[in-house]
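Undergrad: Here are the chains, one letter per residue:
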Amino acid sequence: MISRLARWFDSRLGAASFARKSIDKVFPDHWSFMLGEVALFSFIVLVGSGIFLALFFNASETKVVYEGSYHALKGVQMSAAYRSALEISFDVRAGLFMRQLHHWAALIFLGAIMAHMLRIFFTGAFRRPREINWVIGVTLLLLAIFNDFTGYSVPDDLLSGTGLRIAYSVLLSIPFIGDWLAFIMFGGNVPTQVTISRLYGLHVVIPFIILAILTIHLMILWRQKHTNCPGPGRSNQRIVGSRLWPVYSTKFVGLFFLVFGAISALAGLIEINPIWLYGPFNADSVSSGSQPDWYIIWLEGALRLFPSSDLSIAGHTVPGLFFPGVLMPLFMFGIIYFWPYIEAKVTGDHSVHHVLQPPASNPVRTAIGFGALTYLLVLVVAGSQDVAAVAASTQVDTLRTALRILVFVAPVAVGLTAYFISRLVRKSDAGAA
Amino acid sequence: MIKAVCSLVVSIAAAAAFLVFYWNDMGTASLGVSLALAVAGAGAGLVFWAHDLMRDEEISEDRGSLASTEEEIETFLESFTTGEKKIARRKVLGWMIGSAAGLLGLGSISLIRSLGRSPLPVLFQTVWRPGTRLVTPDGNPVPATIEQGTMMTVFPEGNVNATASQTILIRVDESKLRLPPGRSNWAPGGFLAFSKICTHAGCPVAQFEKTVNILLCPCHQSAFDVLRGAAVVGGPAGRPLPQLPLYVDSDGFLRARGDFSQHPGPEFWNRS
Chain S
210 MISRLARWFD SRLGAASFAR KSIDKVFPDH WSFMLGEVAL FSFIVLVGSG
260 IFLALFFNAS ETKVVYEGSY HALKGVQMSA AYRSALEISF DVRAGLFMRQ
310 LHHWAALIFL GAIMAHMLRI FFTGAFRRPR EINWVIGVTL LLLAIFNDFT
360 GYSVPDDLLS GTGLRIAYSV LLSIPFIGDW LAFIMFGGNV PTQVTISRLY
410 GLHVVIPFII LAILTIHLMI LWRQKHTNCP GPGRSNQRIV GSRLWPVYST
460 KFVGLFFLVF GAISALAGLI EINPIWLYGP FNADSVSSGS QPDWYIIWLE
510 GALRLFPSSD LSIAGHTVPG LFFPGVLMPL FMFGIIYFWP YIEAKVTGDH
560 SVHHVLQPPA SNPVRTAIGF GALTYLLVLV VAGSQDVAAV AASTQVDTLR
610 TALRILVFVA PVAVGLTAYF ISRLVRKSDA GAA
Chain A
1469 MIKAVCSLVV SIAAAAAFLV FYWNDMGTAS LGVSLALAVA GAGAGLVFWA
1519 HDLMRDEEIS EDRGSLASTE EEIETFLESF TTGEKKIARR KVLGWMIGSA
1569 AGLLGLGSIS LIRSLGRSPL PVLFQTVWRP GTRLVTPDGN PVPATIEQGT
1619 MMTVFPEGNV NATASQTILI RVDESKLRLP PGRSNWAPGG FLAFSKICTH
1669 AGCPVAQFEK TVNILLCPCH QSAFDVLRGA AVVGGPAGRP LPQLPLYVDS
1719 DGFLRARGDF SQHPGPEFWN RS
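Those sequence lines, one after another, are chains S and A.
Numbered by this note's numbering, the letters in the first sequence go through residues 210 to 642 in order.
Numbered by this note's numbering, the letters in the second sequence go through residues 1469 to 1740 in order.
One chain only, chain S, in its complex shape (with noise of 0.2 Å):
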């Protein structure tokens, strides 16, 4: 039967010797390399799950009253597109189930491809040749995160209604064309009648980017083959690993159900993003404590932080938000997309490396590196400060001046005591070997 098969697509497609060549490839295993592979997993449930979702979602902001099964808004007024994610979870049978499923795949899709990234970083799995798949990744990143908020957005409750007027503003900000900017994106002064199934049709279109982009991201690593982790017998012209075909394959399907049932364990079991409290969107009201979700919380801090600084020139003005909201973000982004090359230009290793480097074996990155996350942290506490000072019982203005000392000067100290246990590190590990 497979010889048969086999036969007829060689004698279609000559496909023989590749596919041979395929089978045996030789894949390094290491846990930290699932991270990637537990981001494409939660791809394919998120890609599955929003199929279902979309055969019920109604992205219109047509205003109807709520007569479903949900009594505590029977009555009330609200846009058809929240009234259909009411459906979802209450009237469609496993609704509440897929709408969970969905939104607990694309967290784990997010945390998936950081905790991936972060390993290339720490490793310096992104060296030459593999600085055009770090770019690559990086864009998915962004893409993943811009989709992320639009699928957040769509459901047209007062959390995310929130978060669209922020979004709205900080466009607004730029200088030149924000104005112009943010109305079309928005198609007018927010809130207006077609932000919702404007930012739908990019929900829905984006993962086909995605995709596209995803499978080059593939196709790239089959083309340069996985790094090593350093170890006896790996070096730069040999990889060790176990074949493609049957073992590495068959733990690789193994691990999808496996991140398929932590998936559905959470949508089952953790209840997430309840819209029906939320309420519908009013531009009026606006639900206090009001977070977004965790992977975009570190720009909400920086708004938050920054201080008042409206600028004037020449009778135009910049206004304050544009620093924190957009300049930071491009050039954090800017050094990200550019790290590969700028590494290689400040040390002057433009070489070939297929080996990994443990972290402590490389101080000044990894001293960076955690420098990074700790800005980003405290710009995550700052993004939940009113809530923080209520849990610290203290006033939201001292914890803010403390917020804006902490973002300078905690990034430097958890950097150099990075520095220095690296150093540690990679001295004791030389006195062993």
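By construction, these hints were calculated from the structure, which means they are not laboratory data.
Given the structure is predicted, the values throughout are model-derived calculations rather than measurements.
Quick reminder that beta carbons are idealized off the backbone N, C-alpha and C, glycines included.
Just so you know, not all the hints are guaranteed correct.
Said to hold, decoys possible - A few chain S residues that face chain A, going by a derived Cβ cut-off under 7 Å, partial list only:
| hint | residue |
| --- | --- |
| 1 | N267 |
| 2 | L305 |
| 3 | G372 |
| 4 | R374 |
| 5 | I375 |
| 6 | D388 |
| 7 | F392 |
| 8 | P455 |
| 9 | V462 |
| 10 | G463 |
| 11 | A492 |
| 12 | D519 |
Position chain A against the provided structure of chain S, taking the given hints into account.
TA: For chain A alone, kept in the frame of chain S given last:
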């Protein structure tokens, strides 16, 4: 062997349970747990199968060179330049096709203009006019009898959906007012009206701390001193909330003297 078998038994049982739960509409938790056990059981079964039952040998293989040989590169470049010369020979045609493509590109980029209308003057407009009556979100006019310390959201009469015109009405002790110059008659009886849209990032400024007369934006914690014309006293906002001048009409209802003192909402480049 035993681990793989156990995992797959769990998987089969849970898959059957999932079917039963779904067809009986048993709810989110039962669906989640049964599906989780079904797929994770299968996953664990496969991993155990691969790990325990297939002989996994570690292979060491030559990576080979990614880069081509110098000769291969030369051959490629030769083919390419031979072709390129044929194109380059007709420079004029090249310029023409380039211009057509460029113009078409501009044309297709221009299409984004369809997505939005001109932001000016929309960003400056509200529907407050001299004499417009203040109404609650339900459309009821506001009498000048509400108590001190009250905060409410009001709209221009007939436009309760005009979100750019949403306004906070607060009554404070008139003797404590320290409004900017030129606003002495804007707050009759201690009635103050400000745009409800935060000048920082556009959130509704929804919290009023009446003991200290501070308006607080719940999004980024900008604080505005109500008595001093909503001047910024904390947080990231760059300018005061625009004030709506008020008067009390002969029937005892609150009305606007005109539009806000400045345009409402977050700041932008072309604001003047």
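Undergrad: Does the interface hint hold: is N267/S within less than 7 Å of chain A, judged Cβ to Cβ?
TA: It is violated, given that the least Cβ distance between N267/S and chain A is near 21 Å, above 7 Å.
Undergrad: Once the shortest beta carbon distance from A492/S to chain A is found, is it less than 7 Å?
TA: holds (4 Å)
Undergrad: Next item in the hint list is P455/S. Is there a CB on chain A closer than 7 Å to its CB?
TA: Cβ of P455/S sits 6 Å from chain A, so the hint holds.
Undergrad: For the restraint on D388/S, tell me whether the closest CB of chain A is nearer than 7 Å.
TA: holds (4 Å)
Undergrad: Holds or violated: the hint that D519/S contacts chain A, with Cβ atoms closer than 7 Å.
TA: holds (3 Å)
Undergrad: Tell me if the interface restraint on F392/S is satisfied: Cβ within less than 7 Å of some Cβ in chain A.
TA: This hint holds: F392/S lies near chain A, its Cβ roughly 4 Å from the closest one there, short of 7 Å.
Undergrad: Taking the closest Cβ pair, is V462/S under 7 Å from chain A?
TA: holds (6 Å)
Undergrad: Interface hint check: L305/S, Cβ to nearest Cβ on chain A, cutoff 7 Å. Holds or violated?
TA: holds (5 Å)
Undergrad: Does G463/S meet its interface restraint, that is, does its C-beta lie within less than 7 Å of any C-beta in chain A?
TA: Hint on G463/S: holds, closest Cβ of chain A at ~3 Å, below 7 Å.
Undergrad: Against chain A, with CB atoms and a cut of 7 Å, does the hint on G372/S hold up?
TA: Check failed: Cβ of G372/S comes no nearer than 9 Å to chain A, outside 7 Å.
Undergrad: Does R374/S hold up as a contact with chain A if the rule is Cβ-Cβ below 7 Å?
TA: Check passed: Cβ of R374/S comes within 4 Å of chain A, closer than 7 Å.
Undergrad: Against chain A, with CB atoms and a cut of 7 Å, does the hint on I375/S hold up?
TA: holds (5 Å)
Hints 1 and 3, counting from the list given before, are not met by this structure.
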